[in-house]
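Novice: As a plain string of letters, each chain reads:
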Amino acid sequence: MSVPEVAYQIPNNEWTDQPATSEPVQATFDIDNKYKSWNDGTDLTRGSAAYEQRAVRLAEEITERQVRQEIIALGDSLFELRDAEIERLLRRRG
Amino acid sequence: MNLAKRVLAILISGQFDNRSAADEARLRDEKLRLLTNQESAIGANLIEKPQQVSRQEFFLSPHSTHSNEWFYHAESIDQTQSRTIRYVVAEDGVFKSIDGGQYEPVAGDELDGFISLTKRYYQHVAAKLYHVSPTTIANN
Numbered sequence: 000m001s002v003p004e005v006a007y008q009i010p011n012n013e014w015t016d017q018p019a020t021s022e023p024v025q026a027t028f029d030i031d032n033k034y035k036s037w038n039d040g041t042d043l044t045r046g047s048a049a050y051e052q053r054a055v056r057l058a059e060e061i062t063e064r065q066v067r068q069e070i071i072a073l074g075d076s077l078f079e080l081r082d083a084e085i086e087r088l089l090r091r092r093g
Numbered sequence: 000m001n002l003a004k005r006v007l008a009i010l011i012s013g014q015f016d017n018r019s020a021a022d023e024a025r026l027r028d029e030k031l032r033l034l035t036n037q038e039s040a041i042g043a044n045l046i047e048k049p050q051q052v053s054r055q056e057f058f059l060s061p062h063s064t065h066s067n068e069w070f071y072h073a074e075s076i077d078q079t080q081s082r083t084i085r086y087v088v089a090e091d092g093v094f095k096s097i098d099g100g101q102y103e104p105v106a107g108d109e110l111d112g113f114i115s116l117t118k119r120y121y122q123h124v125a126a127k128l129y130h131v132s133p134t135t136i137a138n139n
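Chains as they are written, first to last, in numbering that gives the first Met the number 0: chain A, 0 to 93; chain B, 0 to 139.
Extracted from the complex, chain A is given alone in its bound form (with noise of 0.2 Å):
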């Protein structure tokens, strides 16, 4: 699923593997579905493979939820394209 570029954080008590810091972890997720990097700057090899996957798995339910909002957005933008059309319409035969 292509999406547009967008940052999103991961609380650190998501995690049993990896002790707590006062930084949320943070990846980056690009329009090529490229995890880009870890907020630190370092790449996304760092960690344990577990780690990774469920970073990666959440991101993109994170990234498809948004998807899906974004979805449901356009059509209650429609709906609202339509109440004015059909206001228009009423007004202009009245």
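Wrong hints could be hidden among the right ones.
Label-pair restraints from in silico Cβ distances [stated by the list, open to error]:
1. B/A40 / A/E86: 16 to 24 Å
2. B/I76 / A/R64: 33 to 41 Å
3. B/R25 / A/E79: 21 to 29 Å
Which residues of chain B face chain A? A partial, calculated answer using Cβ under 7 Å [as the list claims (entries may be wrong)]:
4. L59
5. N67
6. T117
Which bits of chain A does chain B cover? Going by a derived footprint, with three or more residues having C-beta under 8 Å, they are [what the hints assert, rightly or not]:
7. 70-79
8. 83-90
Please keep in mind that the hints were generated in silico from the structure rather than gathered at the bench.
Using N, Cα and C, we set each Cβ at its ideal position, and we do this for glycine too.
Given chain A, work out where chain B should sit, using these hints.
Specialist: Frame of chain A; chain B shown alone:
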């Protein structure tokens, strides 16, 4: 004005009001149907028509409380078969029901295609039918 005349005036006025409200509702429904048909014609043109299909439609639900529901409808060339797919976009996924059957999750290429189609639908309908520029929607 005596009492009888007043009652008559109120009754008549009430009848006219009701008729007016009913007319208004009927006109709104009529306009909504018209717009939905026009949207559907635009939506149909965004999808490549399979050879065995004579007519197809794609549109956002006309029901004002269902802004997350989309429909695809197709009829076969010999008009003996038709199929309606209802897509529902929910917080936890996109689901579809074929001809009123059980809902199942949409995934993979079909999901990508559906998302792309809804975005193109919005862009085309907003620009061609409602004459607004959907600049905030990403091309996909």
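Novice: If a hint holds in the structure, say so; if it doesn't, say that too.
Specialist: Hints versus structure:
1. B/A40 / A/E86: 16 to 24 Å: For B/A40 and A/E86 the Cβ distance comes to about 22 Å; the hint holds.
2. B/I76 / A/R64: 33 to 41 Å: Taking Cβ atoms as reference, B/I76 and A/R64 lie about 40 Å apart, which means the hint holds.
3. B/R25 / A/E79: 21 to 29 Å: Check passed, 22 Å falls within 21 to 29 Å.
4. L59: Nearest chain A Cβ about 5 Å off; hint holds.
5. N67: holds (5 Å)
6. T117: holds (5 Å)
7. 70-79: Answer holds; 8 residues pass the 8 Å Cβ test.
8. 83-90: holds (count 5)
In this structure, every one of the numbered hints holds.
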